[in-house]
Amino acid sequence: MARLTADGVPTAIVDGGNLGSDPSKRPVILESMAKMSYAACLTGTDEADSVRKDAGKGKLSLTPPFDPADPKATSWAGELGGVRVGLLRLEPHGSSGQDASEAALVSALEALKKRADVVALASRLSDAENRRLARRLGPAGLLQAIFVAPANCTPDLPTVTDGVLLCPTKDRGQTVTLLQAERTVGQPWKLSCRLESIGTAYTPDPGVAGLIARYYETQQTTLAAATAEKPLSEASYAPAPRCKPCHAKAYEVWRKSAHARAVETLRGKQRLVPECLACHSEPFRRNGRFDAGLAAEDDGVQCSTCHGDAILHALTRGAEKMSREVECGECHDAVHHADFGTEKALVVIRHW
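Per the numbering used here, the very first residue in the sequence shown carries number 1; after that it's consecutive.
These aren't lab readings, by the way, just hints derived from the structure by calculation.
Ideal Cβ placement from N, Cα and C applies to all residues, glycine included.
Take every hint as true, because none was put in to throw you off.
With a cut-off of at most 30 Å between alpha-carbon atoms, the simulated DSS-like pairs for lysine-lysine come out as follows:
1. K244 / K256
2. K344 / K269
3. K35 / K25
4. K190 / K72
5. K269 / K256
6. K170 / K72
7. K114 / K72
8. K170 / K190
9. K35 / K269
10. K25 / K170
11. K72 / K113
Between beta-carbon pairs, the in silico distance windows are:
12. D162 / M322: 45 to 51 Å
13. V348 / A295: 21 to 27 Å
14. A296 / A73: 50 to 56 Å
15. H336 / A201: 16 to 22 Å
16. S192 / A128: 22 to 28 Å
17. T221 / R115: 46 to 52 Å
Sequences are here, hints too, so could you generate the full structure?
The structure is reproduced here in structure tokens:
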């Protein structure tokens with residue numbers, strides 16, 4: 001955002017919210033938004049009340065989802081480089097109230113249009129619903145753009161439907177969706193959008209990076225304290241060294257792999273926290289406890305992570321059936337590893 005501003009692009013940053021999954025992160029996320037000069041945060045229904053206190057501390061404008069009973073309080077408007085912008089967030093509604101809700105939405109957009117040159121929706125509705133709204137509201141001049149929630153994006157986005165630009169978005173801070181508005185005097189506004197990838201080309205903001213580092217340091221300290229109070233009981237599965245006598249070759253391949261170093265990877269990045277350990281530590285995944293004193297061969301992504309606890313195997317010498325796509329996909333999903341390919345990955349860890 002700093003680069004765009006330095007390039008002379010008037011910028012208003014608006015976040016789609018979705019802060020409800022982990023309350024411990026909310027203060028950090030909201031304070032980070034404030035430090036990055038976010039204009040507003042459009043929250044979800046379930047989180048609007050719970051995050052208002054933290055948003056107030058960060059002096060961040062918080063706008064809940066569109067409410068037909070209070071349209072003015074659930075819309076956002078601001079001026080940006082001489083362009084007046086209006087925004088609403090739409091959540092899925094019950095079919096019984098669809099007609100009444102849509103009538104109220106039209107009225108709200110008519111009022112917002114009087115205060116804004118460009119009106120956009122941040123929508124969590126389905127693809128079909130978004131396109132239906134575009135066909136209804138676009139020709140009437142009430143709507144110029146819809147930011148589509150990541151789960152509802154289709155491969156053809158961005159695209160224009162009846163004069164409404166449907167813009168793709170991504171979650172987890174992977175990209176910023178940049179909506180640009182230009183106009184020739186006397187002509188309607190012309191909109192375009194693109195995804196600006198967030199990668200290593202950008203240097204982290206020191207203030208925000210410090211907030212995040214302190215958060216994870218606190219989480220690691222809390223986890224360590226809990227481990228000290230409740231030590232691990234005997235494992236309910238066979239750790240990798242127990243497999244070594246019969247599977248020495250496979251054990252050596254594993255020992256040299258990234259799977260074996262999974263916990264060390266987190267330790268080096270100061271991410272020994274539950275959300276990461278759930279995939280990086282087999283003891284934590286099974287028992288909900290983390291023992292920082294475990295030997296390296298007793299932790300990480302173990303044989304049992306993919307092959308099962310080995311209890312049946314020890315008794316019968318039979319092998320449990322497994323689906324590699326399913327087992328790998330539990331952690332190597334589209335969110336964390338967008339470019340992951342099962343067959344290619346299996347070549348790297350081949351031990352059979």
